[in-house]
Each structure stands twice: as C-alpha cells, then as structure tokens.
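**Student:** For reference, the chains in residue letters:
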Amino acid sequence: MKSKSRVVAILVAASAIGAILWWGSRPNGEEDPSGPKDDIVVLSFGGAFAEAQRAAYFDPYEEDTGIKVVDASYGGEYGKLKAAVESGNVPWDVVDIESSALLRGKEDGILLRIGEHNFDASQLMPEAVDEYGIGADLYSVSLGFNTISFPDGERQPATWKDFWDIESFPGPRTMKRDPRFTLEIALIADGVPLDEIYSSGELDVDRAFASLNRIKPHIAVWWTTGQQPIQLLTDGEVVMAAAFGARIYTAQHDNGAPVRLVWNEGIIDIEYWAVLKGSSSLERSLDFIKFASSAEPQAEFSTRFPLGPVNINAFSHMDEEYARKLNTHPDNYETQLLFSASYWAKNEEAVRERFNAWLGEK
Amino acid sequence: MNYNEAHRRDRRRFWVGVPLAWIMFGLGLPVLELARVSAASSDHGWFEVFRHITTTELYQRVLLNTVWISLQVVFFTALVAYPIAYVVGHAAERAGRLLFFAIISSMWISILIRTYAWTVLLQRTGPISNALVSLGVFNELQSFMHSRFAVVLGMTHIMTPYMVVSILSASGKRLSEFSYISRVFGATTFLYLVRVFIPQTMRGAIAGSGLVLLLSLGFYITPELLGGGKGETMMIAVLIDEQISTLGNWSTGAALSLLLIGTVVSALLAMYSVPAVRRYVDRLGHHDKS
Chain A
1 MKSKSRVVAI LVAASAIGAI LWWGSRPNGE EDPSGPKDDI VVLSFGGAFA EAQRAAYFDP
61 YEEDTGIKVV DASYGGEYGK LKAAVESGNV PWDVVDIESS ALLRGKEDGI LLRIGEHNFD
121 ASQLMPEAVD EYGIGADLYS VSLGFNTISF PDGERQPATW KDFWDIESFP GPRTMKRDPR
181 FTLEIALIAD GVPLDEIYSS GELDVDRAFA SLNRIKPHIA VWWTTGQQPI QLLTDGEVVM
241 AAAFGARIYT AQHDNGAPVR LVWNEGIIDI EYWAVLKGSS SLERSLDFIK FASSAEPQAE
301 FSTRFPLGPV NINAFSHMDE EYARKLNTHP DNYETQLLFS ASYWAKNEEA VRERFNAWLG
361 EK
Chain B
363 MNYNEAHRRD RRRFWVGVPL AWIMFGLGLP VLELARVSAA SSDHGWFEVF RHITTTELYQ
423 RVLLNTVWIS LQVVFFTALV AYPIAYVVGH AAERAGRLLF FAIISSMWIS ILIRTYAWTV
483 LLQRTGPISN ALVSLGVFNE LQSFMHSRFA VVLGMTHIMT PYMVVSILSA SGKRLSEFSY
543 ISRVFGATTF LYLVRVFIPQ TMRGAIAGSG LVLLLSLGFY ITPELLGGGK GETMMIAVLI
603 DEQISTLGNW STGAALSLLL IGTVVSALLA MYSVPAVRRY VDRLGHHDKS
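Same order as they appear, the protein sequences are chains A and B.
Quick note on numbering: the working numbering labels position 94 of the first sequence as 94, and the sequence is numbered without any gaps.
If you count the second sequence from 1, you need to add 362 to reach the working numbering.
Calculated directly from the structure, the hints in this document are not laboratory data.
Built from N, CA and C at the ideal position, the CB exists for glycine as well.
Among the hints, erroneous ones may be present.
As the list claims (entries may be wrong) - Each pair of labels, with its calculated beta carbon distance range:
no. : chain 1 : residue 1 : chain 2 : residue 2 : range
1   : A       : 322       : B       : 473       : 39 to 47 Å
2   : B       : 487       : A       : 322       : 47 to 55 Å
3   : B       : 502       : A       : 159       : 47 to 55 Å
4   : B       : 389       : A       : 127       : 41 to 49 Å
5   : A       : 193       : B       : 412       : 57 to 65 Å
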C-alpha cells in the first residue's frame, strides 16, 4: 500500500537523521574511552592561550614521556564540568579552571583530592597550592585606558579612584558584567585599602553598591566576553576599562593599539589544574600537572602568553626585562589584590542576583 | 463525513504527528530530565526554588523585559517584512525567485556574524555615525550601540526573513493573479492592499508573528552584544545561562527555563484568544476545501 511505503520511508529518513546527529554529537578530538589509553586529554580555554600551552606544556611533555597530549577547549563554564561528572562521562584527564570553579567544585564534590599525593610544592607560590588543585598561572582584572584620550605628558589614570573620577578623566567606561572583581574594584575606588577589602572574610557589599551607583551612568558597556573591552578601548568607544590584564597587554605591546595597561590595584586570581572525579587515572594526570608546574615550562608559557607563572623559579628562566612586565613579578604583585575565591564560593549566588537586579535599577 | 475526508484527516494527523513527536522528543525529554535533576539536587526543594524566582523582582522584571523586547521585534519585523513580501510576491517570476533567494540566503549567515555586522554599523566610528555627521545631523560622532534600540534593530534584522517567508507562504504564487484580477475590476492599489493583499496574507503574518515571538523570547547573543549588558536589555536567556554555565545551579536554571517555556505557551494562547486571530488560525485547517 502507498501509505505503508511512506511510513517506511519516514522511518528510514528519521533513523538516518538520528544516526547523523549521533555521529555529529560525538566529541571531537577525544579518544574512545573504551580503547587503550596512551594519551592524556587536557581541557583548557582554546585560542592563543591554548597555543601557548601547547608550545610550553603539551609538546615538551609529549617529547619527554611519549604520551600524547590531546587538548579540548571550553569557555570556563563550570556547569559543563559538573554535568560531565554527574553523567559519569568524563572525557578529560586534566582541566584548567578558575579559582571560583575550584572552590565550587570542592563544595559539590566533583574534584579528586590531589593533596596527599606527595606533590613537591616548595617551588610554587603558597597561594597557588590547594588540596584539590595546583596553580597553572595567574591572571588579573586591571585598569586599561586609551592613550589618545589621555596622552603621555598629561595626567593619566593610575588608580580605580581615577576610574571613578569623571571630572578629571571624562568619557564612557566599561566594566565586567560580573559582581566578582567589580565589587572589589568599587571598594578600592571608594578608598578601602587593599588589605581590608576582605577583612574578616567578608566584603562590604552595601558600600560597594553605593560606590557603583556613582559610576553606573558612565558605564557604557557591561562586557561579557574578554575581547569586548579591548575592542571598545581600541576603537575609542570607551576611554577606560576594567579588563583582563593579559588582553590589554597584548593589545598594547603586540598589536600596537593606543591602549595602556595599569597593573596597580588590579585584582589578581589564580587558575588551577584540577582532576575531575571519574577521570581515568589520577596518577597520569598528576604526572602532567607536575611537569606543567615546573619552572622551565612555566617560564616558556609566560613568555608566550603574558600571564604570571606560579612557579617562583620561573622568573630566573626568563628575560629579566620581560619578567618585570608580568603581573606576578614582585614589583607588580604587591600592588594588586589577591581575589578571594572562598568569599565568592559562599556568596556568589546571592550577590550575583543582587548585582543583576541592580543593573536594571534606574 | 465521507471516507475521503476522514482519510485526508488521518493523513494530516500523521504528517503533523511525526514531526511533532520528533520535536517533543528533542524538547520534552531534556526538560523533564532537567526538572528531575534539579528537584534531586536542590537544597531547598523544587517548590522553594519556584517560589523564589516567581517572587523575586529581578526575574519578574527580566521576564517582562524579554516579552516587551520580543513584542517590539514582532511589530517592527511585520512592518519591514510586509513591503518586502509585497514586492517579492508581485515580482515577475524570475525576479521574484531571485529576490526570495536573496532573502533566504541571509539565513545562511550565522546570527553571531550578523550581530557583529550591526556592531560595525552602529559603533561610534561606524558608517552610520560618520554619514550623519557629514550630513550635519550631529556635530560629533555618536554611538548607537548598547541600547534597547540597537537590540530591537538587530533582532528585527535577523527575524525579517522568517516573517517574509511566512507572509508569502500564505498566498503563494497567486498574488500576481489576484493583483491582476483586482485591477481588471478597477480596484485602486489602496483598495487592493486593504481588501485583497492584507486579508490574503494575514494568516501568514499571524503565523510569522508567532514564530518571531517564540524565537525572540529565547534570544541570547544579540541582546548580549548589542545591548551592552545593561539592565534594560537583559533577557531571560542570559540569566538561565548564568545559572547553568557559571554557577552550575541546575535547580534555578531549570526553573527559569520552565518559566520561559510557560511564557512561550501563554504568549501563543494569548494570541490565539484574540477573536480575529482565532478566525484566521481556525481557517488554516480547512484550507483544502476553499
């Protein structure tokens, strides 16, 4: 019958579509987990960042050990990691995560404890060593300004107070649409000394919002992707930005954009290597992390990508003039505020809700 | 009801049912799974999460904002799409096909790219700003970005092809015949528009409005990039993404998703409850008879 053959045709078409979708949804660049493991899969942030990691960590590790390093990329979404652990399908041996994700992961119990594994951490910054993660590098959220708006020879912004000073430095600004970093910056601008921002483990949220109220009319854009503020600064759409320091650095030094980076009063945060529950082998993952946090690869990475090393000895393997420009160089490190992931792990949900509501207030 | 009629209806049920099942499979299962996981993983219980998001001003306001922006997009899309549909519908066959192809082809370009194109056009140093300065409208360069205006403009641009296609599909190839016949009977262009063209295409415009409304309610990337992250341009998808991706908070994320789905369904029901709309939609099923 005619309609019967039609049903068959539809079923065939539907299974074909299903098969294509299934095939297309298989993760790329990841080995079949059932096969023999002679490689290690590292989840990182992609782009120029991962290229620098490949040159500094992945390729040398392959040469040393014969173990192939496969890199996968993500946008730092904590939800993706949690979902992988909960579904019992963890395709990555090592993940590169932000400090907030590390803290949240500990709380949710999705990370493997690596603390007892006799890790020689004596060369690493003590702040960057955690029971559940080993520091990979440090990034800053820093002040950047446009040098056409504020040229050399005239007064240039140097502090968050200047960022708030509309009279002396007129023009639109941009900040991260994220209560993290932004509230800290608001408090610094309001005159709270760096060492009192997290006094007794808490942040003065009310005072921060009061301070933000004063700058709010001048924030033209609340940015969400890292390259957004750089573009806005370069194009002159804004005159000042609170943005990722490394990105301002690259625009200024490598791309010759009319922007200037200020390390002073930046908020500095640690990125970690961590291992998710359900990863195939903790030993193998740790072996890679040990290599990646040793001095020479760390120096190589920081030379290729302007993020500070966690290994204190890395600086001695670097060009001294260049080392001085990095955010963890002692000269710069002391002028910055170390981000408190533990405060945010406890308070982020509530404060983020308040921040979003505040954005919509007139 | 004769045999043919019943047979035809069965066939129609089949053709509607299979795709519908496919869609529900792709939509329903994940939503149910999300609800299950969230109910299991929430510290406060499913009900408490719902109570929180429905009583917190932030979520009410963002949801209202989402609906309001979407309605504006529907309105402006219809406004832009109607003249286009008129021209395409009445063009000579070859030209019409070319125009139709040109409109459809814009859908091949990713929404992200089309959104970035608008950032280039609207920024302070962009061509629009420069042109207005050289025409003497403004004294200095102006940015049109990072406002609700930019968001509605960008979304309208992205949605226009859907509306044009919907309007044209309602009347198909018969438009030029209608136009010819109307003229033979002495109708002016205005009369033709009001008495023939608009009624003939109304069903498509309604379907298109429904489609554009649904798609707009879930928009994420365009309001993010063109809106500059301000409160007035925040849409509910942004908050859902934050809950799921950033916080890994399944319960609130799922509850917000369900709220969005509920809004979509209510919006459709509200549209259907307007008598005039209902008349047109109900006629859909009896198309073959006419």
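**Student:** Each of the hints needs a verdict: does it hold here or not?
**Tutor:** Each hint tested on the structure:
no.: 1; hint: A:322 x B:473: 39 to 47 Å; result: holds, 41 Å
no.: 2; hint: B:487 x A:322: 47 to 55 Å; result: violated, 33 Å
no.: 3; hint: B:502 x A:159: 47 to 55 Å; result: violated, 29 Å
no.: 4; hint: B:389 x A:127: 41 to 49 Å; result: holds, 46 Å
no.: 5; hint: A:193 x B:412: 57 to 65 Å; result: violated, 43 Å
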